[in-house]
Amino acid sequence: DTEVTQTPKHLVMGMTNKKSLKCEQHMGHRAMYWYKQKAKKPPELMFVYSYEKLSINESVPSRFSPECPNSSLLNLHLHALQPEDSALYLCASSLGLQGVREKLFFGSGTQLSVL
Amino acid sequence: QQQVKQSPQSLIVQKGGISIINCAYENTAFDYFPWYQQFPGKGPALLIAIRPDVSEKKEGRFTISFNKSAKQFSLHIMDSQPGDSATYFCAASNGGGSQGNLIFGKGTKLSVKP
Numbered sequence: 001d002t003e004v005t006q007t008p009k010h011l012v013m014g015m016t017n018k019k020s021l022k023c024e025q026h027m028g029h030r031a032m033y034w035y036k037q038k039a040k041k042p043p044e045l046m047f048v049y050s051y052e053k054l055s056i057n058e059s060v061p062s063r064f065s066p067e068c069p070n071s072s073l074l075n076l077h078l079h080a081l082q083p084e085d086s087a088l089y090l091c092a093s094s095l096g097l098q099g100v101r102e103k104l105f106f107g108s109g110t111q112l113s114v115l
Numbered sequence: 001q002q003q004v005k006q007s008p009q010s011l012i013v014q015k016g017g018i019s020i021i022n023c024a025y026e027n028t029a030f031d032y033f034p035w036y037q038q039f040p041g042k043g044p045a046l047l048i049a050i051r052p053d054v055s056e057k058k059e060g061r062f063t064i065s066f067n068k069s070a071k072q073f074s075l076h077i078m079d080s081q082p083g084d085s086a087t088y089f090c091a092a093s094n095g096g097g098s099q100g101n102l103i104f105g106k107g108t109k110l111s112v113k114p
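These protein sequence lines are chains Z and F, in that order.
Throughout the first sequence, residue numbering follows my numbering, covering 1 to 115 in sequence.
Throughout the second sequence, residue numbering follows my numbering, covering 1 to 114 in sequence.
Among these hints, one or two may not hold up.
[Stated by the list, open to error] Distance condition first, Cα-Cα at most 35 Å in a straight line; then the derived DSBU-like pairs of lysine-lysine:
| # | chain 1 | residue 1 | chain 2 | residue 2 |
| --- | --- | --- | --- | --- |
| 1 | Z | 18 | F | 58 |
| 2 | Z | 53 | F | 113 |
| 3 | F | 42 | Z | 53 |
| 4 | Z | 38 | F | 58 |
| 5 | F | 5 | Z | 53 |
| 6 | F | 109 | Z | 40 |
| 7 | Z | 9 | F | 15 |
| 8 | F | 68 | Z | 9 |
| 9 | Z | 22 | F | 106 |
| 10 | F | 113 | Z | 38 |
| 11 | Z | 40 | F | 106 |
| 12 | F | 58 | Z | 40 |
| 13 | F | 113 | Z | 18 |
| 14 | Z | 41 | F | 68 |
| 15 | Z | 18 | F | 42 |
| 16 | Z | 22 | F | 5 |
| 17 | F | 106 | Z | 9 |
| 18 | Z | 103 | F | 58 |
| 19 | F | 57 | Z | 18 |
| 20 | F | 5 | Z | 103 |
| 21 | F | 113 | Z | 9 |
| 22 | Z | 103 | F | 42 |
| 23 | F | 5 | Z | 9 |
| 24 | F | 71 | Z | 22 |
| 25 | F | 71 | Z | 9 |
| 26 | Z | 22 | F | 68 |
| 27 | F | 42 | Z | 19 |
| 28 | Z | 22 | F | 15 |
| 29 | F | 106 | Z | 18 |
| 30 | F | 106 | F | 58 |
| 31 | F | 15 | Z | 53 |
For the record, the hints were derived by calculation from the structure and aren't laboratory data.
Fair warning: this is a prediction, and the values are worked out from it, not measured in the lab.
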């Protein structure tokens, strides 16, 4: 299994809603990532989890809250989002070995629309 | 200094032609240069990558050329096919154990006409 699976594929939410994005991989990878991608732009790194611990937070607003329950799962909890948060949210994973240039495996993303 | 500049923004090539996408960087600490291919509605997928101790890497129809002194690298797609139509991102990172610190270029939308 060489896939990163993201659910849901599409999500529409109001600014007062609470929702969660889910990501799962069964490749034994120990590093997992959340990226945000606006239309016609490159992915922007949001968070990195290494061995289930948050290792990088790229100054993301607190309305985005990541969680890594175990080595295979990564969640992104959303609360009180703004319309400008509408984007494709990508999960990725990699082996997680220090000092190794690693291949990132991306999921297909969740297309989020905030109304 | 952290930027990776990518050009052109869009590219139209006839089937069978050569597609060339260029990237330039400033940070000499970068030591890993991947190219990602992204189809609409999908996440990016690693296409090919190179390290600065090699001037060229070829995988099938895809070749990376790397010029360390000029701090430039490029992707060449030989015998371009309509199925190659996608957005291509170059990227760079300075590994050293820091995961996820890929700096992406702004992307090139490639259209291959039949």
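Results of checking the hints against the structure:
Our distance criterion of 35 Å between C-alpha atoms is broken by residue 18/Z and residue 58/F, whose separation comes to about 47 Å. For the proposed pair residue 53/Z and residue 113/F, the alpha carbon gap of about 46 Å is over 35 Å, so the pair is violated. With a C-alpha separation of about 27 Å, the suggested pairing of residue 42/F with residue 53/Z holds against the 35 Å cut-off. For the proposed pair residue 38/Z and residue 58/F, the alpha carbon gap of about 31 Å is at most 35 Å, so the pair holds.
Simply put, residue 5/F and residue 53/Z have alpha-carbon atoms about 32 Å apart, close enough for the 35 Å limit, and the pair holds. For the hint pairing residue 109/F with residue 40/Z, the CA-to-CA distance comes to about 9 Å; that is within 35 Å, so the pair holds. For the hint linking residue 9/Z to residue 15/F, the alpha-carbon distance of about 32 Å falls within 35 Å, and the restraint holds. A threshold of 35 Å between alpha carbons decides the hint, and for residue 68/F with residue 9/Z the separation of about 40 Å lies outside it, so the pair is violated.
For the given pair, residue 22/Z sits about 27 Å from residue 106/F by alpha-carbon distance, which is consistent with the 35 Å threshold. At roughly 26 Å between alpha-carbon atoms, residue 113/F and residue 38/Z fall within 35 Å of each other, so this suggested pair holds. With a C-alpha separation of about 8 Å, the suggested pair residue 40/Z and residue 106/F falls inside the 35 Å cut-off, and the hint holds. With a C-alpha separation of about 28 Å, the suggested pairing of residue 58/F with residue 40/Z holds against the 35 Å cut-off.
Between residue 113/F and residue 18/Z the alpha-carbon distance is near 44 Å, which puts this suggested pair outside the 35 Å criterion. Under the criterion of a C-alpha separation no larger than 35 Å, the hint pairing residue 41/Z with residue 68/F is consistent with the structure, at around 26 Å. Our distance criterion of 35 Å between C-alpha atoms is met by residue 18/Z and residue 42/F, whose separation comes to about 25 Å. Distance restraint check for residue 22/Z and residue 5/F: the Cα-Cα separation of roughly 32 Å lies within the 35 Å cut-off, and the hinted pair is therefore satisfied.
Between residue 106/F and residue 9/Z the CA atoms are separated by roughly 24 Å; this keeps the pair inside 35 Å, and the hint holds. Restraint check for residue 103/Z and residue 58/F: satisfied, since their Cα atoms lie roughly 17 Å apart, inside the 35 Å limit. Simply put, residue 57/F and residue 18/Z have alpha-carbon atoms about 47 Å apart, too far for the 35 Å limit, and the pair is violated. Straight-line distance between C-alpha atoms of residue 5/F and residue 103/Z comes to about 21 Å, which keeps the hinted pair within the 35 Å bound.
At most 35 Å may separate the alpha-carbon atoms for a hinted pair to count; residue 113/F and residue 9/Z meet this at roughly 30 Å. Of the pairs offered as hints, the one joining residue 103/Z and residue 42/F holds, with about 17 Å between alpha carbons and a cut-off of 35 Å not exceeded. Only pairs whose Cα atoms come within 35 Å are accepted, and residue 5/F paired with residue 9/Z is accepted, the gap being roughly 31 Å. As the CA atoms of residue 71/F and residue 22/Z are separated by approximately 39 Å, the hinted pair breaks the 35 Å bound.
At roughly 38 Å between alpha-carbon atoms, residue 71/F and residue 9/Z are farther apart than 35 Å, so this suggested pair is violated. Taking the CA atoms of residue 22/Z and residue 68/F, the gap is about 40 Å. The hint is violated against a cut of 35 Å. Between residue 42/F and residue 19/Z, the direct Cα distance comes to roughly 22 Å. Compliance with the 35 Å bound is thereby established for this hinted pair. At roughly 39 Å between alpha-carbon atoms, residue 22/Z and residue 15/F are farther apart than 35 Å, so this suggested pair is violated.
Of the supplied pair hints, the one linking residue 106/F and residue 18/Z holds, its CA atoms being roughly 31 Å apart against a limit of 35 Å. Of the supplied pair hints, the one linking residue 106/F and residue 58/F holds, its CA atoms being roughly 23 Å apart against a limit of 35 Å. At roughly 47 Å between alpha-carbon atoms, residue 15/F and residue 53/Z are farther apart than 35 Å, so this suggested pair is violated.
The structure fails to meet hints 1, 2, 8, 13, 19, 24, 25, 26, 28, 31 from the earlier list, while all remaining hints are met.
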